[in-house]
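K.L.:
Those sequence lines, one after another, are chains A and B. With positions in the first sequence counted from 1, the corresponding number in the working numbering is that position plus 162. With positions in the second sequence counted from 1, the corresponding number in the working numbering is that position plus 482.
Hints listed in this document are in silico derivations from the structure and should not be mistaken for laboratory results. Small disclaimer: the values here were computed from a predicted structure and weren't measured. Note that CB positions come from ideal geometry on N, CA and C, so glycine has one too. Treat the hints with caution; some may be incorrect.
Stated by the list, open to error - Now the in silico label distances, taken between C-beta atoms and shown as ranges:
| hint | chain 1 | residue 1 | chain 2 | residue 2 | range |
| --- | --- | --- | --- | --- | --- |
| 1 | A | 366 | B | 553 | 51 to 59 Å |
| 2 | A | 168 | B | 537 | 35 to 43 Å |
| 3 | B | 537 | A | 483 | 48 to 56 Å |
| 4 | A | 376 | B | 534 | 53 to 61 Å |
| 5 | A | 334 | B | 537 | 17 to 25 Å |
| 6 | B | 592 | A | 168 | 18 to 26 Å |
| 7 | B | 537 | A | 176 | 30 to 38 Å |
| 8 | A | 168 | B | 553 | 15 to 23 Å |
| 9 | A | 285 | B | 566 | 32 to 40 Å |
| 10 | B | 522 | A | 436 | 53 to 61 Å |
| 11 | A | 488 | B | 534 | 22 to 30 Å |
| 12 | A | 376 | B | 553 | 40 to 48 Å |
So the chains spell out like this:
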Amino acid sequence: MYRLVQNEVVKMLRKKRLYIVLGILLIMISAFAYGQYHSLDRTREQLAKRIGMTDTGDWRKLAEQQIIDMKNRLDSHYMDEEHNSTTRVRMEQLQYYLDNNINPVDISGARFTTRFIEQSIYLFLPLLMILLAADMVSGELAGGTVKLLLTRGVPRWKVLLSKYIALLLLELNVVFFTLLISVAVSGIFFGYGGWTEPVATGFQVAAGKLITSNVVNVPQWQYLLMVYGLAYFVMVVVGTVSFMISVLVKSTAASIGIMLSTLVSGTFLSSFLADWTLPRYLFMVNMRLTDYISGSLRPIEGMNLTFSLTVLAAWMVAAIVVSFWYFTKRDILV
Amino acid sequence: MRDVNLSVFPAEIFGFLGANGAGKTTTIRIIAGLIKPDRGKVAIGGFSLDHDFIKAMSQVGCIIESPDMYKFLTGMENLQQLAAMSSRVTQQRLDEVVEMVGLKHRINDRVDTYSLGMKQRLGIAQAVMGRPRLLILDEPANGLDPAGIAELRQLLRRLAYEEDMAVLVSSHILAEVQQMCDTVAIISKGVVLKTLKVKELGNDVVVEWQVDKPLLAIELLKGNWDIAAEQTRKNRVKAVIERVMVEDINQTFINEGLRLAYCEAHGSTLEDLFLNLTGGVEIV
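Produce the entire structure from the sequences given, and follow the hints as far as they go.
P.N.:
Printed below as a string of structure tokens:
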């Protein structure tokens with residue numbers, strides 16, 4: 163079994179897909195870091211101009227001004243209720259930071275590394291996973307090489323399992339490199355510190371109000387590990403579903419296409435979640451796990467971390483069952 | 483596919499002959515466990531494919547349909563990948579088979595730079611490297627140059643007669659099968675029409691008579707020897723018979739009052755037999 167997994171990893175590396183994925187990561191992280199750096203500068207400048215502040219180094223003043231801005235926006239009658247509830251939650255959160263003397267404005271390398279995952283967990287990272295997983299089986303079917311694997315005195319389930327394990331390992335690698343690249347690149351812009359800064363987590367939303375009674379402050383590095391752990395879980399789930407599609411269809415292009423449209427549909431189905439309960443059982447609307455712990459999620463009654471984790475786990479198990487069932491039964495006609 | 487009953491024995495090269503679409507590859511896929519048949523069973527070296535898949539397939543080396551390999555790996559890396567899937571194959575054995583199929587100089591190049599003939603050689607290398615008891619080669623001569631085909635023939639003979647392998651070769655090229663194989667099964671439209679020893683082929687001849695009463699001649703052949711004959715042209719009758727019977731038949735024709743203008747015997751080749759049995763090469 164070890165040698166089978168080794169085979170799969172060798173094939174993956176030689177196909178150069180992993181390097182493409184890592185290259186994309188490097189470019190995106192650099193762009194994101196530059197963007198963050200730039201917009202932080204701009205925010206400071208604008209606020210300073212409006213309130214006539216010369217010293218923009220004091221984050222408390224900036225935060226206070228942001229709260230005032232949000233209050234004004236809430237009073238405006240042009241905003242709908244949905245938008246308002248998001249703003250209200252964000253405002254209360256900012257207030258909490260002020261009260262507890264936690265700086266939410268400045269960005270350190272460590273905070274950027276966390277934020278990158280929060281921003282990419284529901285679309286960008288899953289897309290990369292699809293690139294890796296989508297041709298794992300369909301590639302062998304399209305190339306005819308599956309015949310070599312299945313006529314060797316190795317049972318089919320073992321062949322498939324070795325591929326799945328290789329995929330899990332590669333996903334772990336991608337998460338690890340995301341972390342590594344983020345830290346390295348963001349350090350250039352924001353410095354390499356901030357690992358022990360406190361981060362507030364455990365916000366809960368009930369009836370559109372933020373509940374801070376369960377909030378705890380954890381050091382940034384601990385929070386970062388939590389976020390990356392959740393990201394790995396999401397990637398495994400997306401990878402597993404993508405793996406299943408690659409077992410079911412013969413062409414890699416079709417396999418990537420199906421997964422892409424599924425993911426994209428998730429982003430617009432999300433907007434119906436408050437009124438329509440059915441979509442919330444789909445895996446692609448449950449991928450913003452980090453928003454639950456950072457408290458930045460648009461509050462939806464009945465959806466919380468446990469719910470989303472359960473839905474994702476159920477999809478993963480189902481995808482594994484379907485993959486193995488179909489692969490061990492199917493006729494190979496290539 | 484129906485009523486396919488084949489046995490391949492050790493030290494035998496078994497040819498599987500059929501037109502395109504006759505069911506050769508489908509049969510081979512069933513033997514190699516890639517397709518589950520609706521009915522019937524396959525046993526390899528005494529192990530049933532249904533119940534002892536691993537033991538059965540461990541004794542098989544095969545190329546099915548085309549010698550597909552990982553294009554982004556070198557020839558040697560391909561072999562190493564596949565060698566890792568069975569415990570018997572060492573690096574020394576790999577070098578040995580590479581030498582055997584004549585790929586030594588290009589084995590460290592990527593497969594996407596290979597010609598079809600070279601891929602075929604690599605395919606043969608991966609099929610034989612585990613010293614299988616049953617070697618299945620689907621159209622192995624495709625893409626090989628004449629020298630390559632001659633080498634392949636020698637290689638298969640060596641594997642069969644010296645290493646006691648049972649070799650199953652499918653082909654649509656008659657001459658190749660006749661030259662290469664000991665036994666031939668002819669398949670058409672999913673049915674095995676005839677299995678015969680290639681050595682015995684010369685015993686049958688196709689004979690054509692020109693007589694004045696062709697229908698009577700056909701009747702006589704049917705009645706006396708149970709031979710199916712057919713009228714080809716106005717006064718001509720054609721049948722496949724054993725060579726030694728020609729004189730008897732001619733005597734009988736004359737005795738029965740037929741005017742025999744002439745009689746022509748073609749030495750029966752596999753081609754005559756094949757066309758006779760399948761009624762032309764029509765793709766189903």
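K.L.:
Determine which of the earlier numbered hints do not hold for this structure and return their numbers in increasing order.
P.N.:
Checked against the structure, the hints that fail are numbers 2, 3, 5, 12, while the rest are satisfied.
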